[in-house]
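Please build the complete structure, drawing on both the sequences and the hints.
Number of protein chains: 2
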Amino acid sequence: MDYSVDRTTLKRSSTRLTLLAHFFGILSVILMLVWLLHYREGIEYDSDNPARVFNVHPFLMFCGFLFLVGEGMMAYKTVYGSHYVQKVVHGMVHMVGLVLGIVGICAVFRFHDMQRLQDMVSLHSWIGLSTFILFCLQWVVGVVTYLAPKASTGTRVGLMPWHVSGGRALLYMGIAAALTGLMERSTGLGIDTRSESRLINFTGLSILLFGIFVDFSVALSRYA
Amino acid sequence: MDYSVDRTTLKRSSTRLTLLAHFFGILSVILMLVWLLHYREGIEYDSDNPARVFNVHPFLMFCGFLFLVGEGMMAYKTVYGSHYVQKVVHGMVHMVGLVLGIVGICAVFRFHDMQRLQDMVSLHSWIGLSTFILFCLQWVVGVVTYLAPKASTGTRVGLMPWHVSGGRALLYMGIAAALTGLMERSTGLGIDTRSESRLINFTGLSILLFGIFVDFSVALSRYA
Chain U
6 MDYSVDRTTL KRSSTRLTLL AHFFGILSVI LMLVWLLHYR EGIEYDSDNP
56 ARVFNVHPFL MFCGFLFLVG EGMMAYKTVY GSHYVQKVVH GMVHMVGLVL
106 GIVGICAVFR FHDMQRLQDM VSLHSWIGLS TFILFCLQWV VGVVTYLAPK
156 ASTGTRVGLM PWHVSGGRAL LYMGIAAALT GLMERSTGLG IDTRSESRLI
206 NFTGLSILLF GIFVDFSVAL SRYA
Chain V
6 MDYSVDRTTL KRSSTRLTLL AHFFGILSVI LMLVWLLHYR EGIEYDSDNP
56 ARVFNVHPFL MFCGFLFLVG EGMMAYKTVY GSHYVQKVVH GMVHMVGLVL
106 GIVGICAVFR FHDMQRLQDM VSLHSWIGLS TFILFCLQWV VGVVTYLAPK
156 ASTGTRVGLM PWHVSGGRAL LYMGIAAALT GLMERSTGLG IDTRSESRLI
206 NFTGLSILLF GIFVDFSVAL SRYA
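Going line by line, the protein sequences match chains U and V.
Numbers 6 to 229, taken from the working numbering, label the letters of the first sequence in order.
Numbers 6 to 229, taken from the working numbering, label the letters of the second sequence in order.
Treat the hints loosely; a few may be bogus.
[Stated by the list, open to error] Quick look at which bits of chain U chain V covers, simulated, 3 or more residues with Cβ under 8 Å:
id, segment
1, 86-100
2, 119-128
3, 178-189
4, 201-213
5, 217-226
[Unchecked claim] To list a few chain V residues with every Cβ distance to chain U over 12 Å, as calculated:
id, residue
6, Leu24
7, Val101
8, Ile212
Note that these hints are calculated values from the structure, not bench results.
No residue lacks a Cβ here, since even glycine has one placed at the ideal position from N, Cα and C.
The structure is reproduced here in structure tokens:
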């Protein structure tokens with residue numbers, strides 16, 4: 006009997022997990038929009054209302070940055086085309102995510118300026134900024150090694166386990182940053198906002214499940 | 006030329022990463038003890054002082070549960086002995102972690118009772134408890150499948166990718182639970198506790214690095 010891993014079953018499972026990742030990703034986007042538009046004062050970068058400026062931050066960091074990071078990671082599953090096309094999409098989607106992330110980070114600094122609050126005080130900010138900086142580094146190394154100018158085959162193969170494990174660690178670091186950010190926000194809310202704090206919890210749980218299913222989908226497709 | 010992954014180099018890297026995981030694990034334990042013993046009122050389950058009862062929770066959830074979870078995951082790297090011995094240690098260390106985790110969870114419920122606070126309100130509690138329940142499930146399935154009574158070889162091989170990916174997801178969920186817990190605590194502190202809040206941030210960062218290096222160490226040793 007053949008006792009190696011059944012690749013067909015794993016591939017099918019991986020596809021189902023990709024669908025689940027999309028479900029929770031989109032659910033998180035919807036929940037976050039309900040939170041920011043219905044419970045909070047909306048989203049606007051150039052506003053005089055600090056609350057609206059602040060809201061750009063969670064919106065772009067998840068719906069822009071983290072969601073696209075997940076999509077980029079799953080590009081090898083979701084994009085129909087040659088391996089090269091998948092690779093270019095993988096890099097491009099991450100780049101768009103990075104740009105939106107930069108705007109999102111600027112938004113929270115602008116909010117701090119408006120409110121005369123100190124920057125980089127909370128655990129959330131420490132985790133978030135270090136994740137983002139390491140992410141930029143991973144992106145640059147990835148492009149230089151795998152897209153253009155491309156390293157030698159030996160280097161490309163040798164770096165792959167680090168690229169994969171590093172990417173996954175960064176995904177989970179991003180999730181941890183998102184969850185500590187939501188936690189910071191919901192701890193600040195009082196008891197009279199029970200339904201809002203429950204909405205924030207569901208958003209956080211959904212973001213966590215998005216991350217887990219992205220990881221599962223990528224990991225199982227690499228086994229298969 | 007041979008372009009497959011260089012297994013010897015990866016194995017050596019994996020060993021270095023195991024050392025780094027230990028460094029950050031032990032650093033986290035020390036930082037947490039400094040926090041709870043020096044800045045807070047100490048650790049005691051049977052105290053009349055609610056603060057001391059509460060402190061049992063972060064102490065046991067990281068220094069008991071999460072630290073041992075990481076150690077259990079790395080048992081295949083750190084335990085010198087047959088594969089069977091490593092497997093038994095892997096299961097046993099996780100079991101000890103689980104038992105300490107149960108005591109840690111009881112401590113926070115006892116604290117809530119003493120303070121007449123509602124249970125299961127925060128995002129931290131939602132993430133933490135679901136992680137813990139899923140962890141118990143993973144442990145039971147793991148023991149039944151791989152230790153005793155042991156499933157058929159086909160099932161064991163087929164479940165392995167799920168056991169590995171699931172275990173990793175649970176590790177990161179545990180890290181996310183720890184970080185949201187620290188975040189909840191430090192958001193509650195005022196500006197006059199700047200040095201304490203910085204200590205909490207360093208503890209959180211160290212816990213995150215512990216998790217990442219455990220994941221890296223296990224992942225690279227599986228590549229090799």
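Now for the hints, and whether the structure bears them out:
1. 86-100: violated (count 0)
2. 119-128: holds (count 3)
3. 178-189: Since 8 is at least three, the answer is holds.
4. 201-213: holds (count 6)
5. 217-226: holds (count 5)
6. Leu24: Answer for Leu24 of chain V: holds, closest chain U Cβ roughly 17 Å.
7. Val101: With a cut-off of 12 Å, Val101 of chain V remains clear of chain U, as the shortest Cβ separation is near 25 Å.
8. Ile212: violated (10 Å)
Checked against the numbered hints given earlier, the structure breaks hints 1, 8 and satisfies all the rest.
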